[in-house]
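In case you want the letters, here they are:
Number of protein chains: 2
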Amino acid sequence: MLRTHTCGELRITDVNKEIILSGWVQKTRELGGMTFVDLRDRYGITQVVFNQDWDKTLFDQARALGREFVVQITGTVIERESKNKNNPTGEIEIKVSKLNILNESITPPFTIEDETDGGDELRMKYRYLDLRRNAVRKNLELRHRLAIESRNFLDKLNFLEVETPVLIKSTPEGARDFVVPSRMNQNQFYALPQSPQTFKQLLMVSGFDRYYQIVKCFRDEDLRADRQPEFTQIDCEMSFVDQEDILQTFEGLVKHLFKTVKNIDIPVIPRMSYADAMKYYGNDKPDTRFDMQLCELNQLVKGHNFKVFDDAELVVAICAKGAANYTRKQLDELTEWVKRPQIGATGLVYARHNEDGSIKSSVDKFYNEEELKKWSAACNSQAGDLILVLAGNEEKTRKAMSELRLEMGNRLGLRDKNKFSCLWVIDFPLLEWNEGDPNLLASLAGRWHAKHHPFTSPKPEDIELLNVNPGAVRANAYDIVINGVEVGGGSMRIHNKNLQAKMFEVLGFTKEEALHQFGFLMNAFEFGAPPHGGIAFGFDRLCSLFGGADSIRDFIAFPKNNSGRDVMIDAPSEISEEQLKELAIRTVK
Amino acid sequence: MLRTHTCGELRITDVNKEIILSGWVQKTRELGGMTFVDLRDRYGITQVVFNQDWDKTLFDQARALGREFVVQITGTVIERESKNKNNPTGEIEIKVSKLNILNESITPPFTIEDETDGGDELRMKYRYLDLRRNAVRKNLELRHRLAIESRNFLDKLNFLEVETPVLIKSTPEGARDFVVPSRMNQNQFYALPQSPQTFKQLLMVSGFDRYYQIVKCFRDEDLRADRQPEFTQIDCEMSFVDQEDILQTFEGLVKHLFKTVKNIDIPVIPRMSYADAMKYYGNDKPDTRFDMQLCELNQLVKGHNFKVFDDAELVVAICAKGAANYTRKQLDELTEWVKRPQIGATGLVYARHNEDGSIKSSVDKFYNEEELKKWSAACNSQAGDLILVLAGNEEKTRKAMSELRLEMGNRLGLRDKNKFSCLWVIDFPLLEWNEGDPNLLASLAGRWHAKHHPFTSPKPEDIELLNVNPGAVRANAYDIVINGVEVGGGSMRIHNKNLQAKMFEVLGFTKEEALHQFGFLMNAFEFGAPPHGGIAFGFDRLCSLFGGADSIRDFIAFPKNNSGRDVMIDAPSEISEEQLKELAIRTVK
Numbered sequence: 001m002l003r004t005h006t007c008g009e010l011r012i013t014d015v016n017k018e019i020i021l022s023g024w025v026q027k028t029r030e031l032g033g034m035t036f037v038d039l040r041d042r043y044g045i046t047q048v049v050f051n052q053d054w055d056k057t058l059f060d061q062a063r064a065l066g067r068e069f070v071v072q073i074t075g076t077v078i079e080r081e082s083k084n085k086n087n088p089t090g091e092i093e094i095k096v097s098k099l100n101i102l103n104e105s106i107t108p109p110f111t112i113e114d115e116t117d118g119g120d121e122l123r124m125k126y127r128y129l130d131l132r133r134n135a136v137r138k139n140l141e142l143r144h145r146l147a148i149e150s151r152n153f154l155d156k157l158n159f160l161e162v163e164t165p166v167l168i169k170s171t172p173e174g175a176r177d178f179v180v181p182s183r184m185n186q187n188q189f190y191a192l193p194q195s196p197q198t199f200k201q202l203l204m205v206s207g208f209d210r211y212y213q214i215v216k217c218f219r220d221e222d223l224r225a226d227r228q229p230e231f232t233q234i235d236c237e238m239s240f241v242d243q244e245d246i247l248q249t250f251e252g253l254v255k256h257l258f259k260t261v262k263n264i265d266i267p268v269i270p271r272m273s274y275a276d277a278m279k280y281y282g283n284d285k286p287d288t289r290f291d292m293q294l295c296e297l298n299q300l301v302k303g304h305n306f307k308v309f310d311d312a313e314l315v316v317a318i319c320a321k322g323a324a325n326y327t328r329k330q331l332d333e334l335t336e337w338v339k340r341p342q343i344g345a346t347g348l349v350y351a352r353h354n355e356d357g358s359i360k361s362s363v364d365k366f367y368n369e370e371e372l373k374k375w376s377a378a379c380n381s382q383a384g385d386l387i388l389v390l391a392g393n394e395e396k397t398r399k400a401m402s403e404l405r406l407e408m409g410n411r412l413g414l415r416d417k418n419k420f421s422c423l424w425v426i427d428f429p430l431l432e433w434n435e436g437d438p439n440l441l442a443s444l445a446g447r448w449h450a451k452h453h454p455f456t457s458p459k460p461e462d463i464e465l466l467n468v469n470p471g472a473v474r475a476n477a478y479d480i481v482i483n484g485v486e487v488g489g490g491s492m493r494i495h496n497k498n499l500q501a502k503m504f505e506v507l508g509f510t511k512e513e514a515l516h517q518f519g520f521l522m523n524a525f526e527f528g529a530p531p532h533g534g535i536a537f538g539f540d541r542l543c544s545l546f547g548g549a550d551s552i553r554d555f556i557a558f559p560k561n562n563s564g565r566d567v568m569i570d571a572p573s574e575i576s577e578e579q580l581k582e583l584a585i586r587t588v589k
Numbered sequence: 001m002l003r004t005h006t007c008g009e010l011r012i013t014d015v016n017k018e019i020i021l022s023g024w025v026q027k028t029r030e031l032g033g034m035t036f037v038d039l040r041d042r043y044g045i046t047q048v049v050f051n052q053d054w055d056k057t058l059f060d061q062a063r064a065l066g067r068e069f070v071v072q073i074t075g076t077v078i079e080r081e082s083k084n085k086n087n088p089t090g091e092i093e094i095k096v097s098k099l100n101i102l103n104e105s106i107t108p109p110f111t112i113e114d115e116t117d118g119g120d121e122l123r124m125k126y127r128y129l130d131l132r133r134n135a136v137r138k139n140l141e142l143r144h145r146l147a148i149e150s151r152n153f154l155d156k157l158n159f160l161e162v163e164t165p166v167l168i169k170s171t172p173e174g175a176r177d178f179v180v181p182s183r184m185n186q187n188q189f190y191a192l193p194q195s196p197q198t199f200k201q202l203l204m205v206s207g208f209d210r211y212y213q214i215v216k217c218f219r220d221e222d223l224r225a226d227r228q229p230e231f232t233q234i235d236c237e238m239s240f241v242d243q244e245d246i247l248q249t250f251e252g253l254v255k256h257l258f259k260t261v262k263n264i265d266i267p268v269i270p271r272m273s274y275a276d277a278m279k280y281y282g283n284d285k286p287d288t289r290f291d292m293q294l295c296e297l298n299q300l301v302k303g304h305n306f307k308v309f310d311d312a313e314l315v316v317a318i319c320a321k322g323a324a325n326y327t328r329k330q331l332d333e334l335t336e337w338v339k340r341p342q343i344g345a346t347g348l349v350y351a352r353h354n355e356d357g358s359i360k361s362s363v364d365k366f367y368n369e370e371e372l373k374k375w376s377a378a379c380n381s382q383a384g385d386l387i388l389v390l391a392g393n394e395e396k397t398r399k400a401m402s403e404l405r406l407e408m409g410n411r412l413g414l415r416d417k418n419k420f421s422c423l424w425v426i427d428f429p430l431l432e433w434n435e436g437d438p439n440l441l442a443s444l445a446g447r448w449h450a451k452h453h454p455f456t457s458p459k460p461e462d463i464e465l466l467n468v469n470p471g472a473v474r475a476n477a478y479d480i481v482i483n484g485v486e487v488g489g490g491s492m493r494i495h496n497k498n499l500q501a502k503m504f505e506v507l508g509f510t511k512e513e514a515l516h517q518f519g520f521l522m523n524a525f526e527f528g529a530p531p532h533g534g535i536a537f538g539f540d541r542l543c544s545l546f547g548g549a550d551s552i553r554d555f556i557a558f559p560k561n562n563s564g565r566d567v568m569i570d571a572p573s574e575i576s577e578e579q580l581k582e583l584a585i586r587t588v589k
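Listed in order, the protein sequences are those of chains A and B. The first sequence begins at 1 in the numbering used here and counts up by one. The second sequence begins at 1 in the numbering used here and counts up by one.
It should be emphasised that the hints constitute simulated quantities derived from the structure, not laboratory data. In this text, all values refer to a predicted model and were calculated from it rather than measured experimentally. All C-beta atoms, glycine included, are put in the ideal place defined by N, C-alpha and C. Careful, some of the hints might be misleading.
To be verified - Covered stretches of chain A (in silico footprint by chain B; criterion: 3 or more residues with CB under 8 angstroms from a CB of chain B, positions within the stretch not fixed):
{"hint": "1", "stretch": "159 to 170"}
{"hint": "2", "stretch": "272 to 282"}
{"hint": "3", "stretch": "459 to 468"}
{"hint": "4", "stretch": "527 to 538"}
{"hint": "5", "stretch": "558 to 565"}
Unchecked claim - Simulated crosslink set (SDA-like; lysine to any residue; CA at most 20 angstroms straight-line):
{"hint": "6", "chain 1": "B", "residue 1": "K399", "chain 2": "B", "residue 2": "K497"}
{"hint": "7", "chain 1": "B", "residue 1": "K156", "chain 2": "A", "residue 2": "K451"}
{"hint": "8", "chain 1": "B", "residue 1": "K138", "chain 2": "A", "residue 2": "D155"}
{"hint": "9", "chain 1": "A", "residue 1": "K27", "chain 2": "A", "residue 2": "F110"}
{"hint": "10", "chain 1": "A", "residue 1": "K581", "chain 2": "B", "residue 2": "D222"}
{"hint": "11", "chain 1": "B", "residue 1": "K156", "chain 2": "A", "residue 2": "Y43"}
{"hint": "12", "chain 1": "A", "residue 1": "K497", "chain 2": "B", "residue 2": "T107"}
{"hint": "13", "chain 1": "A", "residue 1": "K451", "chain 2": "A", "residue 2": "N467"}
{"hint": "14", "chain 1": "A", "residue 1": "K497", "chain 2": "B", "residue 2": "G66"}
{"hint": "15", "chain 1": "A", "residue 1": "K125", "chain 2": "B", "residue 2": "A514"}
{"hint": "16", "chain 1": "B", "residue 1": "K156", "chain 2": "A", "residue 2": "F153"}
{"hint": "17", "chain 1": "A", "residue 1": "K581", "chain 2": "B", "residue 2": "S563"}
{"hint": "18", "chain 1": "B", "residue 1": "K497", "chain 2": "A", "residue 2": "G66"}
{"hint": "19", "chain 1": "A", "residue 1": "K497", "chain 2": "B", "residue 2": "E104"}
{"hint": "20", "chain 1": "B", "residue 1": "K125", "chain 2": "B", "residue 2": "E149"}
{"hint": "21", "chain 1": "A", "residue 1": "K156", "chain 2": "B", "residue 2": "H5"}
{"hint": "22", "chain 1": "A", "residue 1": "K156", "chain 2": "B", "residue 2": "R3"}
{"hint": "23", "chain 1": "A", "residue 1": "K279", "chain 2": "A", "residue 2": "A377"}
{"hint": "24", "chain 1": "B", "residue 1": "K511", "chain 2": "A", "residue 2": "S576"}
{"hint": "25", "chain 1": "B", "residue 1": "K589", "chain 2": "A", "residue 2": "M184"}
{"hint": "26", "chain 1": "A", "residue 1": "K459", "chain 2": "B", "residue 2": "L2"}
{"hint": "27", "chain 1": "A", "residue 1": "K262", "chain 2": "B", "residue 2": "D155"}
{"hint": "28", "chain 1": "B", "residue 1": "K138", "chain 2": "A", "residue 2": "N158"}
This is chain A alone, in the form it adopts within the complex (with noise of 0.2 angstroms):
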């Protein structure tokens, strides 16, 4: 047996039990003739003594040993002279009897402690010591605990867990498919799959009626920061069923994984309107955690000879609480940020409602403050508060003065990370006009794309709108998001055999590619399919929002750099001659 207990397990009323421990040695600290160990594992750290009055050959062996050696050590629990308040197992420590070196290490390339000296290409090489780490390791403790409350929770409610293939077909729809050469079927290849959508759809035709999977997807995307090759879905689907159903059943679990993951209770999940989302925050994934909407001042601030406003086709403010005292330094900074090109504002106005009430801009020549009085009424702005307007072309205004208004959300900490405001944003526009998108295939460029994917429902009642009015028309999709970040979006899919086909048509396809792609689907139609709808959750971001960080790669146990590499394992690499001939495929250099 190499160990009775764990390194977290020994408590005050343990004492004078003999024991067996084994862990890596954290740290070693001499003082007085004694030699203090810190052994960790998983489950914590215990505090293991050598005395050399008790035992000079074993004393003589503890100071021996480096950061990271595996040891076993056999001892009588005793009660701390100074005890620890703030481990667990800080009122004990062992008196060892027996010390077994298990296996030696050389010496770390950074430090394993939670705040660690080592730069992050070098914990993503070593990446099996950056998990030693207690940072990293309780993030993917809150990854297991999550996947399996999901589990538990979607069980609970008649959901199968069904695993769906992996080497599939590729349908040339979206971002790039990862792609397998077939040695059986050669010139063919399999495709990685970018969602099981369409075998969790076959599955409602097979009457499955509850499906869910925790399952790894696959986009051959140019990976901006943040993104991964292969990423998690929590990925569902439901027959006999409404918009409605669904997204009771979905608040339903991200209710429960907030109580029983981190003990919080969610309220009722509001809903907005994607139309309203765009309106009050510029943006189709509010952070509702803080207010500062949007609010438009185009009927107040034309024909004062500002040609800026003047020229605009928005006009938009919002009011940020208890800023009036910004510096002139301040705004001028605020001014150099939203025009950077990442924001691509041409400049920023801003007024100032001061405490004596009196309201002050930065373009007082033409507006007085009578006119100053009707911004205010219009974002609603008390003494103490500034206003800041961004002007310009409609839809690149908005969305700057969205990246504003998250900008002074952090910069007057109303962003905490401990904070959670969830919403459902509903009555997506079905289909968006598609310009070129480098993720995309060439052949996808200057077309109606659908903006969740082919196989959502638009509105019964906006159906007729398909051919006159393609972008007018709302589907029955729905996103769920979380501190501004979308979590999860699903839809009610199509599930009459001439509506999708009508779909294809609108989308692009040909016929023949429809058939040729998505045949098997809509062959299953018909045979008598049932209403159905689902959803999937990015099971990656999901981990990362819970554990208030912002990057999803340290949610990962062993996750790619921004150029695909698992610098770990140096993958991927070239393979040989034998396997290419095999494969009857060859490189081109």
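Given the coordinates of chain A, assemble chain B onto it according to the supplied hints.
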């Protein structure tokens, strides 16, 4: 709301309730002015009734319903006149007040019944319809149950489920890898994992202590019957344990699954050495539902001028209980059976231990009754038993006898699918000599090959033999066998860098090859690897075993055929020139 209840839910206590059901039309029957419809969903079948006296229009609508139409009915629960005790809803039926056809169906290509008229190929093409059949769906429900019970059992024991990457590095050890060309790292390839072996060992180095994952693995093998290119494992690893700890833990898992899923109490699982399994069953995965052990007769049969036995390396017998009454015709047929190329015996000798106590053999010319009594004593035959003897080359004969034993087990009804006999096989040899295997790359033939995998620890007392007699080295490796099926296997791992290097040397890796392929693991072992070991269960196989089936295919939602094709979605398939160009690969015709 599309339904208030499912089709499996209503009981006599619900009589008079107004309800809504949705489901598929299983079948319709007309009887004296009434139409009875069996409405089916995942949860059951409920009978709904239309009466022309109640509502002629409704009645006419109902008559027009076809098989597999999807309908929603509103109505009242009433007590049935002729109750069906075989159906949980059989005491009630629904008096329909409203019928809503949600979707129509063309006639399915085969009947959606437990016993279907559809052939294998047709059912695979229309897998989504095959999955509607109770029998198939129940298999996948069983699979879900086994997965969630496994997870909850392991979670309670502090195992963490950690997702390991799917896009990894190709290592030409063992079977062929599926590979994935990298677009961002041109001319380089990822590989899909054959198992997460190295990652779980790295997690142990990281101090994760207890890991599991229910995970897809991939192997590009020439598919034999009942192999799939993608398959699922319950993959587990533990630190600071010895072999005994692992056997105890996973014996617990097996017992838990039998108890919770099948309500069967499994007694303590016996253990047998590999050597004994080969000796007594001719097989390293003996079916211990029945005895009929192999009995070597070499000592008794030599020197009686029977050339077949005199020349044989091995003469081995089994005693088939109660089979002395086998006719000459049956014995001739059995002789033909063992001579088939798959079995490969050259002939079959038998001795009937008659009810009167006399013994008559097919080789009476060479062995008198006194000699035959010695055979009887050796294999413990009783009056009424049949002794069957094979002779020849040691290895082939043992294998043939193992097959004959299983066949006799079948013929004598000793292999009941509802009876379960579990066994640990332990003390496997560490290495086996590889002559060349069509599933291995040619470069791997003609050398020592790891029987389990290259990270398996030899028994400490056998390490010395690595240099002088590698074939005699036993491993700390174990398999769990249920009803003659290897359901799982694992080993204690090497955690010492030097021993691992030695192992690679014995396996014929140059130092450079070992470093190139497994450098990251060997590096990791420099930093304090704990003693560790693990096991992996073949989850598809486990499911089929629990389901009492021989094939794994019906326990996989969307399986591939023996050419690795998914005939439903028609994958693999050709991909576009554009895709190939982006990946910088070309196919070779």
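Hints violated by the structure (listed by number, smallest first)
Going through the list in order, the structure violates hints 2, 3, 6, 7, 20 and respects the others.
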